[in-house]
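Protein chains in written order, with the working numbering: chain L, 18 to 191; chain U, 2 to 278.
Rather than coming from a laboratory, the hints here were simulated on the basis of the structure.
As the structure is a prediction and not an experimental result, all values here were calculated from the model.
Don't be surprised by glycine CBs; every beta carbon is placed ideally from N, CA and C.
Some hints here could point you the wrong way.
[To be verified] Anything over 10 angstroms on all C-beta distances counts as not near chain L; from chain U, calculated:
#  : residue
1  : Val11
2  : Phe17
3  : Asp37
4  : Ala61
5  : Gln83
6  : Ala92
7  : Gly181
8  : Asp212
9  : Leu225
10 : Lys244
[Unchecked claim] Sample of chain U residues facing chain L (criterion: CB under 7 angstroms; computed from the structure):
#  : residue
11 : Arg10
12 : Ser14
13 : Leu25
14 : Leu42
15 : Leu43
16 : Met47
17 : Leu50
18 : Val54
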Amino acid sequence: MLSVRESDVSGEKSRWTLPLLVCSGVCAILLQTTAFHYLPWIPDLLLILCVYLGIYHRSAAGAAGAFFLGYGLDTCSGVPVGMNAFAMSLVFAGVTAVSRCLWLTNPLSVLFMVFLAVVLKTSAFLFLGEFGELTEVFQPMVARYVMWDATVAMALTPLVFTLLYRGEPFDYRV
Amino acid sequence: MQRLLNRHRVILSCGFFLLLSLFLAAINTRASYQIDPVGVLLLEVMHPLQVGVTAVSQRAARVWERYVALWAVREQNEALRQRLEALEGMAQQATELDLTNRRLERLLALREELGVTAVAAHVVGRSSVAWVQTVILDKGASHGVTKGMAVLVPEGVVGKVMSVSAHTARVQLVSDPNSGVDALVQRTRTRGIAAGTIDGGCALKYVQRGDEVQAGDQVVTSGLDGIFPKGQVIGTVARVETKDSRMFQDVEVMLSAELSKVEEVLVVASGVVRAGE
Numbered sequence: 018m019l020s021v022r023e024s025d026v027s028g029e030k031s032r033w034t035l036p037l038l039v040c041s042g043v044c045a046i047l048l049q050t051t052a053f054h055y056l057p058w059i060p061d062l063l064l065i066l067c068v069y070l071g072i073y074h075r076s077a078a079g080a081a082g083a084f085f086l087g088y089g090l091d092t093c094s095g096v097p098v099g100m101n102a103f104a105m106s107l108v109f110a111g112v113t114a115v116s117r118c119l120w121l122t123n124p125l126s127v128l129f130m131v132f133l134a135v136v137l138k139t140s141a142f143l144f145l146g147e148f149g150e151l152t153e154v155f156q157p158m159v160a161r162y163v164m165w166d167a168t169v170a171m172a173l174t175p176l177v178f179t180l181l182y183r184g185e186p187f188d189y190r191v
Numbered sequence: 002m003q004r005l006l007n008r009h010r011v012i013l014s015c016g017f018f019l020l021l022s023l024f025l026a027a028i029n030t031r032a033s034y035q036i037d038p039v040g041v042l043l044l045e046v047m048h049p050l051q052v053g054v055t056a057v058s059q060r061a062a063r064v065w066e067r068y069v070a071l072w073a074v075r076e077q078n079e080a081l082r083q084r085l086e087a088l089e090g091m092a093q094q095a096t097e098l099d100l101t102n103r104r105l106e107r108l109l110a111l112r113e114e115l116g117v118t119a120v121a122a123h124v125v126g127r128s129s130v131a132w133v134q135t136v137i138l139d140k141g142a143s144h145g146v147t148k149g150m151a152v153l154v155p156e157g158v159v160g161k162v163m164s165v166s167a168h169t170a171r172v173q174l175v176s177d178p179n180s181g182v183d184a185l186v187q188r189t190r191t192r193g194i195a196a197g198t199i200d201g202g203c204a205l206k207y208v209q210r211g212d213e214v215q216a217g218d219q220v221v222t223s224g225l226d227g228i229f230p231k232g233q234v235i236g237t238v239a240r241v242e243t244k245d246s247r248m249f250q251d252v253e254v255m256l257s258a259e260l261s262k263v264e265e266v267l268v269v270a271s272g273v274v275r276a277g278e
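Start from the sequences, fold in the hints, and give me the full structure.
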């Protein structure tokens with residue numbers, strides 16, 4: 018049972034959390050589908066966001082958020098709808114499962130979680146490639162770039178986590 | 002049942018979204034790009050934002066590319082400049098080698114023409130005093146150079162060896178005021194002594210008033226001094242002046258060899274050579 022103060026904080030939190038996460042998601046989708054294409058490597062901000070949701074928002078809303086992040090990316094990037102949605106849902110489920118068993122407060126454990134998330138996402142793509150007869154398209158691509166993806170994502174994780182963490186009152190987090 | 006659902010709400014929702022996404026993926030990958038009303042709506046909402054962000058990022062990328070390109074051009078410019086300098090150096094070296102080769106070829110031809118063993122030498126030093134016209138050669142007694150040998154270039158007479166050391170020789174140029182070469186005007190066979198003047202030029206001395214000499218006549222060695230081979234070009238008559246009060250004519254000679262620029266010379270044994278003999 019939350020105390021009055023915690024309840025207040027929680028209430029204020031709930032008002033800010035959704036807009037914050039939605040804005041973050043929209044910004045991440047926009048950046049990933051537009052501006053980041055000028056960079057040598059496209060950082061997967063949505064994946065980091067999903068890991069964040071999996072660690073700090075282990076709820077049905079968090080699962081929905083992960084799904085819609087992937088769905089939004091599918092829609093805006095022209096990828097067959099469901100690919101990223103499935104991958105992000107899987108990442109969320111995996112991170113949630115791990116964070117239920119382990120404390121993921123250590124930055125290194127978070128980075129390791131991001132690395133696992135990249136592997137999980139890649140596996141999801143490979144699975145869907147087989148499943149959707151898109152092996153030729155996806156398999157070489159994801160297999161080749163998984164390490165780079167992981168490195169870039171891990172490099173950006175502290176920044177993204179810090180920004181999101183500061184945007185939310187601590188008490189609200191699960 | 003309700004409690005069970007509440008307890009496993011996260012797992013169930015995860016499972017639901019996984020299945021939903023799998024379903025979406027299945028229908029969209031097998032029959033690609035099905036009409037997706039939600040997706041269309043989302044795309045319509047995101048479209049202006051995407052256009053805006055794309056425009057901004059394109060502009061930023063263009064600025065960046067120009068900046069980077071500018072750097073690249075600068076580096077390229079620097080590299081090309083260095084390459085140009087290197088090539089200019091090489092070209093100059095090649096030109097120098099070519100000129101040296103030509104000079105040496107002509108020296109060789111002269112030696113063959115003279116038909117004697119001659120020593121080719123480089124000028125390694127020059128007199129620092131204006132009224133003493135001498136040069137130092139890099140060949141001396143150890144190379145067979147002796148005092149009194151004639152020094153020539155294909156263009157003409159240079160001077161004669163005044164002194165030698167083991168590895169060097171000092172040459173008095175024909176333009177030195179103290180020098181003297183027995184000479185004659187090629188056209189009229191008028192004799193005289195070609196000697197240097199105080200201003201670094203050359204004059205044909207002791208040409209009698211009645212002798213016919215005119216500007217443009219070529220002055221060559223007579224060979225009678227026992228030093229210079231006969232018929233070697235000394236220069237061309239530049240000016241002739243006859244004064245009533247004087248017994249001899251003033252004949253100014255323009256030297257054929259540019260003594261100030263001579264680099265390689267041929268040292269020929271004195272008294273034994275007669276050109277054409």
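Okay, the hints, checked on the actual structure:
1. Val11: violated (6 angstroms)
2. Phe17: Given a closest Cβ separation of 8 angstroms, the condition is violated.
3. Asp37: At about 5 angstroms from chain L, U/Asp37 fails to clear the 10 angstroms cut-off, so the statement is violated.
4. Ala61: violated (8 angstroms)
5. Gln83: At about 29 angstroms from chain L, U/Gln83 clears the 10 angstroms cut-off, so the statement holds.
6. Ala92: U/Ala92 is indeed farther than 10 angstroms from all Cβ atoms of chain L, at 42 angstroms.
7. Gly181: It holds; U/Gly181 is separated from chain L by about 84 angstroms at its closest Cβ, greater than 10 angstroms.
8. Asp212: holds (92 angstroms)
9. Leu225: holds (88 angstroms)
10. Lys244: About 92 angstroms separates U/Lys244 from the closest Cβ of chain L, which puts it past 10 angstroms; holds.
11. Arg10: holds (5 angstroms)
12. Ser14: Because about 4 angstroms separates U/Ser14 from the closest Cβ in chain L, which is inside the 7 angstroms limit, the hint holds.
13. Leu25: holds (3 angstroms)
14. Leu42: Hint violated; U/Leu42 Cβ to chain L Cβ min 9 angstroms, cut 7 angstroms.
15. Leu43: holds (5 angstroms)
16. Met47: For U/Met47, the interface hint holds, since the closest Cβ of chain L sits about 5 angstroms away, which is under 7 angstroms.
17. Leu50: holds (6 angstroms)
18. Val54: OK, holds: U/Val54 within 7 angstroms of chain L, min 4 angstroms.
Going down the numbered hints, you'll see the structure goes against 1, 2, 3, 4, 14, while the others check out.
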